[in-house]
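Protein sequences, first through last, are from chains A and B.
Be aware that the first sequence starts at 1, since it is given in our numbering, and climbs by one per residue.
Be aware that the second sequence starts at 1, since it is given in our numbering, and climbs by one per residue.
Don't take every hint at face value.
[Unchecked claim] Selected chain A positions facing chain B (Cβ under 10 Å, derived; list incomplete): (1) 41; (2) 58; (3) 96; (4) 108.
Derived from the structure by calculation, the hints contain no laboratory data.
Quick caveat, the model's predicted, so the values are computed rather than measured.
For each residue, glycine too, the CB sits at the ideal point set by N, CA and C.
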Amino acid sequence: SAVISQKPSRDICQRGTSLTIQCQVDSQVTMMFWYRQQPGQSLTLIATANQGSEATYESGFVIDKFPISRPNLTFSTLTVSNMSPEDSSIYLCSVALVGASTDTQYFGPGTRLTVL
Amino acid sequence: GDSVTQMEGPVTLSEEAFLTINCTYTATGYPSLFWYVQYPGEGLQLLLKATKADDKGSNKGFEATYRKETTSFHLEKGSVQVSDSAVYFCALNSNSGYALNFGKGTSLLVTP
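Using the sequences plus the hints, can you model the full thing?
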């Protein structure tokens, strides 16, 4: 497995502002992903973070709202832009490890975001 | 498209009871199947997985068998403990991409 950290662990933000969430992994990974878990709901994939190129977004998610960076094999950021209360969720990054089966993902502890 | 259906919770059991959480799936091809667990206040942890038909994943006393004929991956444990109280998510990876498709989760509460 891998040790995955996320910063911040939680935040309370005002509507209209933006928050950048960081995901750091202690080993090289092939794939990095960002998920959203709305209150009482399951996880929904936002996008796949691609190293050195634009992220691949799922239906319903756009780059202007959720810009993603991945400058190297162990780090990625997700920004939640122009936030509204509907963006209140837990945001999780996940990774698939180099040398391991790419269908198995490991998750970070999540960032709990509350938008007022 | 691919989808996962889990039994709705919450499920409340007494300690040492037998646990079954049902999970069925719809997918093209031969997906890999997973159970993840989310303990209160914590992130998601991989509990077990199975990658082909008739495979049995097991971990911490939990088991699930990949049943292609019934498109199911039910989670079982013979004797639950209070520490097993958590939300359990069934998920699949369709192998046509890398994204995990999750069920809605089943909340389990084990009482002493």
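Here is how each hint holds up against the structure:
1. 41: Hint holds; residue 41 of chain A Cβ to chain B Cβ min 7 Å, cut 10 Å.
2. 58: With a closest approach of 7 Å, the residue 58 of chain A hint holds.
3. 96: It holds, given that the least Cβ distance between residue 96 of chain A and chain B is near 6 Å, below 10 Å.
4. 108: It holds, given that the least Cβ distance between residue 108 of chain A and chain B is near 6 Å, below 10 Å.
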